[in-house]
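Protein chains: 6
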Amino acid sequence: MPMIQVNVLAGHTAEEKRKFVADIARVTAEDFNVPMDKIWIQLIEMPHDEFAVGGKFISETRP
Amino acid sequence: MPMIQVNVLAGHTAEEKRKFVADIARVTAEDFNVPMDKIWIQLIEMPHDEFAVGGKFISETRP
Amino acid sequence: MPMIQVNVLAGHTAEEKRKFVADIARVTAEDFNVPMDKIWIQLIEMPHDEFAVGGKFISETRP
Amino acid sequence: MPMIQVNVLAGHTAEEKRKFVADIARVTAEDFNVPMDKIWIQLIEMPHDEFAVGGKFISETRP
Amino acid sequence: MPMIQVNVLAGHTAEEKRKFVADIARVTAEDFNVPMDKIWIQLIEMPHDEFAVGGKFISETRP
Amino acid sequence: MPMIQVNVLAGHTAEEKRKFVADIARVTAEDFNVPMDKIWIQLIEMPHDEFAVGGKFISETRP
Chain H
1 MPMIQVNVLA GHTAEEKRKF VADIARVTAE DFNVPMDKIW IQLIEMPHDE FAVGGKFISE
61 TRP
Chain E
1 MPMIQVNVLA GHTAEEKRKF VADIARVTAE DFNVPMDKIW IQLIEMPHDE FAVGGKFISE
61 TRP
Chain X
1 MPMIQVNVLA GHTAEEKRKF VADIARVTAE DFNVPMDKIW IQLIEMPHDE FAVGGKFISE
61 TRP
Chain G
1 MPMIQVNVLA GHTAEEKRKF VADIARVTAE DFNVPMDKIW IQLIEMPHDE FAVGGKFISE
61 TRP
Chain W
1 MPMIQVNVLA GHTAEEKRKF VADIARVTAE DFNVPMDKIW IQLIEMPHDE FAVGGKFISE
61 TRP
Chain Y
1 MPMIQVNVLA GHTAEEKRKF VADIARVTAE DFNVPMDKIW IQLIEMPHDE FAVGGKFISE
61 TRP
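Protein chains in written order, with the numbering used here: chain H, 1 to 63; chain E, 1 to 63; chain X, 1 to 63; chain G, 1 to 63; chain W, 1 to 63; chain Y, 1 to 63.
In case anyone wonders, no lab produced these hints; they're calculated from the structure.
All values reported here derive from a predicted model rather than from experimental measurement.
It cannot be assumed that every hint is accurate.
[As the list claims (entries may be wrong)] Below, simulated DSSO-like cross-link-like pairs (lysine-lysine); rule was C-alpha separation at most 27 Å, straight line:
#1 W:K56 to E:K19
#2 X:K38 to X:K17
#3 Y:K56 to H:K19
#4 H:K38 to X:K19
#5 Y:K38 to E:K19
#6 W:K38 to W:K17
#7 E:K19 to E:K38
#8 G:K19 to Y:K17
#9 W:K56 to E:K38
#10 H:K17 to H:K38
#11 H:K38 to X:K38
#12 Y:K38 to Y:K56
#13 H:K38 to H:K19
#14 Y:K56 to H:K38
#15 E:K38 to E:K56
#16 E:K17 to H:K38
#17 Y:K19 to Y:K38
#18 G:K19 to G:K38
#19 W:K38 to W:K19
#20 E:K56 to W:K19
#21 Y:K17 to X:K56
#22 H:K17 to W:K19
#23 G:K38 to G:K17
#24 X:K38 to X:K19
#25 X:K19 to W:K19
#26 W:K38 to G:K19
Can you build the whole structure from these sequences, using the hints too?
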């Protein structure tokens, strides 16, 4: 019963995100030998004013 | 000091969510013998294009 | 597909924890009208030197 | 590679949040002796109808 | 800067876990077009008495 | 009611960790104007075979 939470910077298309969760689930099923329907993935897009590297929000460094 | 984070698919009424957190807090206070004001609950409703089972977003399988 | 993560201070018996997850699952199934087998709960017991209130670990304030 | 996730009640200004992540990163770099660019902070503002204390949402107790 | 947290039931070999994080990182780099060194993965193995489905710990249902 | 979860690589002394949570709580109280006892911090030390950068566990790259 893998639970996978992914936090990624906002800015990806619906198509990219669909391919991503399909790929992640496939890899997880293969490597850990678990059935696909037991793999739950939460994909969160972080707004650029919610995520900071080195004490600065992405929105500050990529204005 | 229990911290409880709940991720549920979006689509519940405010009334349902209020009853839910009240019930969860009551059960936690009783079973773990902790005072109510030390029980913190975060209830997050996940959009259907943010949560995937078996490599497919809920928005893909419940169109 | 509710995912529930509970962080509680260490010090509970196996019996208490079993009753707790059974109660939490029952309440969730009733209040949100979801099947039991779709309710996943992770119950983490935090060591007292891993959780701090007001800038002090519990291990410091309850020696 | 510290990852820091902060959940705070909504209602702070962009200025307050910028100062906060800068301060948190500085303290982390000093106390744990890690380079600034390895410190990742996610700062999430919780809506008042998403966070509950003692079984009641903040939106219920601060109407 | 994707942060990926994976919670999986305990019981996998070091070899399986190494292949898993390598595969997950590769897929993430390709699908989201991010550099490998910006991909952070935390892989947590959950003890069977810490994770419950349908209100029962795995340790109860797989004795 | 800030909840702060910090994941840091294992290898810090109890003294360093005590100073860290005291500093984080002080900064949070000042910047967000919240009372100290409402600041909860969970500090998790990640084993080096549980955290990966670029698809390799720290235990692989720092043998």
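ask   = Given the proposed pairing of H:K17 with H:K38, does the C-alpha separation stay at or below 27 Å?
value = holds (19 Å)
ask   = Is the hinted pair X:K19 and W:K19 satisfied, with a Cα-Cα distance of at most 27 Å?
value = violated (37 Å)
query = Has the given pair, H:K38 with X:K19, been kept, meaning a C-alpha gap of at most 27 Å?
reply = With Cα atoms ~24 Å apart, H:K38 and X:K19 stay inside 27 Å; holds.
message = Would the hint linking Y:K19 and Y:K38 be met if the CA-CA limit is 27 Å?
response = holds (18 Å)
message = Hinted pair, alpha-carbon criterion (27 Å max): Y:K56, H:K19. Please report holds or violated.
response = holds (23 Å)
query = Within a Cα-Cα threshold of 27 Å, do H:K38 and X:K38 meet the stated pairing?
reply = holds (10 Å)
ask   = Does the alpha-carbon distance linking W:K38 and W:K17 stay inside the 27 Å limit?
value = Holds. W:K38 to W:K17 sits at ~19 Å (cutoff 27 Å).
query = Taken at face value, is the distance from the CA of H:K19 to the CA of H:K38 at most 27 Å?
reply = At roughly 18 Å apart (the allowed maximum being 27 Å), H:K19 and H:K38 satisfy the hint.
query = Quick one, are X:K38 and X:K19 close enough, alpha carbons at most 27 Å?
reply = It holds: about 18 Å lies between the C-alpha atoms, which stays within 27 Å.
ask   = When you check the alpha-carbon spacing of W:K56 and E:K19, does it fall within 27 Å?
value = holds (23 Å)
ask   = Within a Cα-Cα threshold of 27 Å, do W:K38 and W:K19 meet the stated pairing?
value = Judged against 27 Å, a Cα distance of about 18 Å means the pair holds.
request  = Given the hint that Y:K38 pairs with E:K19, test it: the Cα-Cα distance must not exceed 27 Å.
outcome  = With a Cα-Cα distance of about 24 Å, the restraint between Y:K38 and E:K19 holds, given a limit of 27 Å.
The structure does not agree with the numbered hints 12, 15 and 25 stated previously, though it agrees with the rest.
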